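*Asks:* Please model the entire structure based on the sequences and the hints provided.
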Amino acid sequence: MPLRNLALLGSCLLIVACSKVNQENYAKLESGMTKPEVEKLLGAPDDCAGAMGMSSCTWGDSKHFISVQYAGDKVIMFSGEGLK
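Its first residue numbered 128, the sequence shown is counted upward by one per residue in our numbering.
In case anyone wonders, no lab produced these hints; they're calculated from the structure. Just to be clear, a hint being listed does not mean it is correct.
Quick list of the computed label-pair ranges, beta carbon to beta carbon [as the list claims (entries may be wrong)]:
1. Met179 to Glu151: 29 to 37 angstroms
2. Gly180 to Lys211: 32 to 40 angstroms
3. Lys211 to Met179: 29 to 37 angstroms
4. Met179 to Gln150: 29 to 37 angstroms
5. Ala178 to Lys211: 27 to 35 angstroms
No experiment lies behind these values; they were computed from the predicted model shown. Glycine residues also receive a C-beta, built at the ideal position from the N, C-alpha and C atoms.
*Replies:* Below, the structure is given as structure tokens:
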């Protein structure tokens with residue numbers, strides 16, 4: 128049983144280490160990028176909301192995240208927190 132727990136822990140660490148929510152990808156974001164370009168870089172967002180042509184999508188959790196705001200499907204603003 129301890130070997131199984133160790134394997135599970137190792138898998139979890141690999142998933143976290145491979146997260147696309149990091150400083151390197153944040154630095155690649157630019158105003159004017161399209162939603163498909165952002166999703167190619169960061170993957171599918173964890174949460175999106177919007178109305179009247181404006182939307183905001185977030186990748187990550189409450190401590191480590193990237194948030195992107197769109198007008199239509201173009202990036203107008205973005206922010207991040209806890210990135211490594």
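*Asks:* Going through the numbered hints above, which ones does this structure break? Give me the numbers in ascending order.
*Replies:* Hint check: nothing fails, all pass.
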